[in-house]
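We have chain A; now place chain S onto it with these hints.
Here the protein sequences come in this chain order: A and S.
If you're matching positions, the first sequence starts at 1 in our numbering and goes up one per residue.
If you're matching positions, the second sequence starts at 1001 in our numbering and goes up one per residue.
Honestly, the hints are just simulated from the structure, not real lab data.
Cβ coordinates follow ideal geometry from the N, Cα and C atoms, glycine included.
You may find that some hints are simply not true.
[Unchecked claim] Chain A is nowhere near these chain S residues, computed Cβ spacing over 12 Å in every case: (1) T1096; (2) N1213; (3) A1234.
[Unchecked claim] Facing chain S, from chain A, some residues (calculated, C-beta under 7 Å): (4) A89; (5) L91; (6) R96; (7) R97; (8) W103; (9) T113; (10) T116; (11) A149; (12) G196; (13) N197; (14) L198; (15) E211; (16) T215.
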Amino acid sequence: MGAAFVALPLVGLLARAPWSRAAAILSSDSSRTAFRLSLEVSGLAAALDLTLGLPLAWVLARKAFPGRTFVRGLVVLPLVMPPVVAGVALLAALGRRGLVGAWLDRAFGLQLTFTTGAAVLATALVSFPLVVLAAEAGLRSIDARLEQAASFLGASRWYLMRRVTLPLLGPQIAAGAALAWARALGEFGATLMFAGNLRGRTQTLPLAVFELSQTDPRGATVLALALVAVSLAVIVALRRRLLTP
Amino acid sequence: MRRSATATFLAVALLATGCSRADGGAPGTSTLTVFAASSLTGAFTQIGKDFEAANPGTHVAFSFGPSDGLAQQIESEGTADVFASASGTWMDDVATKVGVTDRADFAKNRLVIITPPSDPANVRSLADLARPGVQVVLAAAGVPVGDYARQVLTNAGIAKQVLSNVVSNEQDDAALVAKITSGEADAALVYSSDVTSAVSTDVKAIPIPDPVNVIATYPIAVVHGTSQPDVAQAFVAYVTGPAAQATLASFGFLPPG
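Just chain S, same shape as in the assembly:
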């Protein structure tokens, strides 16, 4: 009795996870699961729609999150067909532990300073972040945008002073933007692609000079073990193609070359 109940439970659980992976329902449709860095949310949502329109019967499901968290999920659960990371480091990690194919760099991104429009702490340049009392929020170490921010501060020689001004280590760039649009913190270091049209009136962006800035390279790849390698490869090719590149540019990304 007990054993059969357990078996039923496991069967149901396997069916449920099977459904979420292959999905489908109607014949002739397939769902491609794409894990993408949260900084890609706007651009990839658009690219996904365009890809579906160009490939009838294909559905793209996105899971956006911090690249490190997504990499860990892929490594422990293997539920992604395609992975788009905000840093080579986490793609390397997945490549080593799970395996990837068709890897290509598809975009670059640079960091900017954002402040609330009223700029309560009077931040005009990177150096102003080092002034005592400025409330700075960064992404936590280990999150790509957080590591890049620390690199920029080190390049500028003000890491120690700015890090002592940090009031919170947030989980990703979306959380940083939220802390600035709500006016809780004085300044944050985020990707230039985070200053989307949706938030451009709620934040002020201040450029960081190229010599100290960090340029982040975004790799995309098909994850080993995908049930639909053809669609996955087609999606990777589409992202590196002209249509998707134009979309990425409109969301503030730089070309990969």
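Bound conformation, chain A alone:
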């Protein structure tokens, strides 16, 4: 029954999609532009998540410091926070009149809102916890004696990280990054709020689905199914790691 609960909306989409127009909708200029932008934005977001998330995961897993529980809670927050709230928060911080944004605007004439960069930041924020959680869990599962042994045998910290820790952690990082990427690909609320909706600049695939649904609701189901197909591909690619105990 649980499976039916998940499957039913998908069947609904499949039933409503106007298949005869599917090819035309998917190959339209706006769809192709949105596809390309979505890949770019979600790819950059996943890269940003890894850059900021891996060092943080290492600190959380290996260093005891006061407030560690608090920091861990903070990191998980974007996962449970409504994306629209994340968007409002980003505006308050980095918007043209925001806490930091106003200063960026004054000092450098730099405006983030309505740019592709804003879309990357919004999607990176909501997908960030997935990378940190996966990497931290991975770091905790590594047998500390392996690292100790390497260290005892004279490995430098960098060598240890590069040749022992990261290779052991590789699959976990890949899984976390793939999930974060998929989450970034589907991001809607925070992007619409912080980056707006403009074709070719901030209109990612979910926003294109929204805009098409204003004028062509049935056509929008085709685009929605394309997104589902990509998500499904991620799950299939990760199935060994995620779906087997």
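Frame of chain A; chain S shown alone:
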């Protein structure tokens, strides 16, 4: 076993949806579900309270949103007793696909330009929106206020220039007002009724001359299949009556005539 579990689930689900539609609880009370364009949020919230006061035992529940989205929800789910649209187009759509009765135009609305109070891009008239570098936000095409805005720009002969200044196509007028009050964008085209007392200090409104402006007509109707046609008809009559018309006028709407 499996079949009975599924049956239980369906029963629970049907009960749940049944509750949200007919609602009630205490005997003698009924809930009227009204789907209304988001530009009506302030005026209809007030009108709903007045209608409840005039009809004890009646509760009015509103769902405010973009007219196109509401129309689609009514067509696919049929959960509304009354529909108030920001454009005849979406009312026609519901009339064709679901059916409506007691249809009447109850208000008109015109467009204005809004900017942040500081007016960072120095916008004084419609023509200023065409100046390169002015960050303009509009509602997406298909959303009534977005279509009206494009019509105004076409009337003024500056559609091409202004559309190239658009930095975002937002989902409704409320989102446009938010982008201006927060100072993120330089100018937006919204309904005059959007410049409510709540936001009047956070935005500057600039009128658009009547010859190029678009006057939006708002129709209201009872949706076919309602479980309480009497209350629905009473509400439609109330909205077109003098008390509600005065409320609508105080929220910046023009009379329908």
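Do the hints match the structure? See the list:
Taking the minimum C-beta to C-beta distance to chain A, about 14 Å, the non-interface status of S/T1096 holds against the 12 Å cut. Against chain A, the non-interface label of S/N1213 holds: every CB pair exceeds 12 Å, the least being about 23 Å. Distance check on S/A1234: its Cβ is at least 32 Å (rounded) from any Cβ of chain A, clearing the 12 Å threshold; non-interface status holds. Residue-level restraint check for A/A89 is violated (minimum Cβ-Cβ distance to chain S is 12 Å; threshold 7 Å).
Taken as an interface hint, A/L91 checks out: its beta carbon lies about 6 Å from the nearest beta carbon of chain S, inside 7 Å. Below 7 Å, beta-carbon pairs count as interface contacts, and A/R96 has one with chain S at about 5 Å; its hint therefore holds. Look at A/R97: its Cβ gets to within about 4 Å of chain S, closer than 7 Å, so that hint holds up. For A/W103, the shortest C-beta to C-beta distance to chain S is roughly 14 Å, which exceeds 7 Å, and the interface hint is violated.
With a least beta-carbon distance of about 5 Å to chain S, the hint placing A/T113 at the interface is held under the 7 Å criterion. Among the interface hints, the one on A/T116 is violated; its C-beta lies about 12 Å from the nearest C-beta in chain S, farther than the 7 Å criterion. Hint status for A/A149 relative to chain S: violated, with the closest Cβ pair at about 53 Å, above 7 Å. Here the hint on A/G196 is kept, as its CB sits about 3 Å from the closest CB of chain S, short of 7 Å.
Because the smallest distance between the Cβ of A/N197 and any Cβ of chain S comes to about 5 Å, under 7 Å, the interface hint for this residue holds. At its closest, the beta carbon of A/L198 sits 5 Å from a beta carbon of chain S; the interface hint therefore holds under the 7 Å criterion. Among the interface hints, the one on A/E211 holds; its C-beta lies about 5 Å from the nearest C-beta in chain S, closer than the 7 Å criterion. For A/T215, the suggested interface contact is upheld, since its CB lies about 4 Å from the closest CB of chain S, less than 7 Å.
Taken one by one, the earlier hints fail for this structure at numbers 4, 8, 10 and 11, listed in ascending order.
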